[in-house]
Amino acid sequence: MYTSYMHGSGIKCLRIPISSLVKASAAAASAASSSSSSSPSSTTTTVNESTGQKVYSFTSRLQSLADKSKNDILMNRDPYCPPMDVESRIQALTEKLLNLKLSTNNNNESAGRHQWKEYRFQDNAEKYKMFTACINEFKHNIANSYLHEINTVGELIDYFSTPVETPDFLYKITKDSQDGSIDLPANLSIQVEPLRYNPNEDTFFKVNAYPGRSTIVSDLAASKKHPSYRVSRMKRLRIEYEDM
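Residue numbers 0 to 243, in numbering that gives the first Met the number 0, belong to the letters of the sequence shown in order.
Source of the hints: derived by calculation from the structure; they are not laboratory data. Mixed in with the good hints there might be a few duds.
[Unchecked claim] Restraint-style ranges between C-beta atoms, simulated for each label pair: (1) 183 with 217: 28 to 38 angstroms; (2) 128 with 236: 14 to 24 angstroms; (3) 142 with 88: 18 to 28 angstroms.
All values derive from a computational prediction rather than experimental measurement. All residues carry an ideal CB built from backbone N, CA and C; glycine is no exception.
Put together the whole structure using the sequences plus the hints.
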């Protein structure tokens, strides 16, 4: 028995035996199963008894973040080395913002610390205050895919205690030079953060790089890194679509 595949507008027709397709799919399935069994998985899963679906735990997701950041260049994450006092600094933030103090139960400090870590944020306003304060405190952003998973103080501590590496060598040497791990040559200067030219104020040898033109960044992702500047009407030479 044969199966046919139409190509383009249907002028050419390719006939392939179904037995060949079955053999090819079986070989691909066996190869995929052997590769998955030979390489250990970086995440652990649990099966939901009611739905039968696999559920990835928050701890395994953090381990996956730490593992993938070493080799996956598409993640484009800034490197992060957690300090030694993450827990104490987050504890100070919870006392300041949430008025949450470490309580002891029958003079048992470990039990009180466990209850403090199990505190669950009451609403999104508390999460916003704590997340923003921790981002400014540790200079480390929280990925969007983890915002809905961090619901307790303990999970927040686990996230900011997870190191993040980057396969980009430029970011590595920049981070190491800032931490003092390495010394760059005297004639080498690295500027990773973007520098935006302001046509209203900045000049280069008294010559404007964009005479009478506005520099508007319309892309949402790029606008977070590159600020936009609009030329005043007195200095505007022509009206472009950015000025509308």
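14 to 24 angstroms as the expected CB spacing between residue 236 and residue 128, which holds or is violated: Given range 14 to 24 angstroms: violated, Cβ gap about 46 angstroms.
Cβ separation of residue 183 and residue 217, checked against the hinted range 28 to 38 angstroms: Roughly 36 angstroms apart at Cβ, these two residues keep to the hinted range, so it holds.
Range hint compliance [Cβ, residue 142 to residue 88, 18 to 28 angstroms]: Given about 20 angstroms between the Cβ atoms, the range holds.
The structure is inconsistent with hint 2 alone, although it conforms to all the rest.
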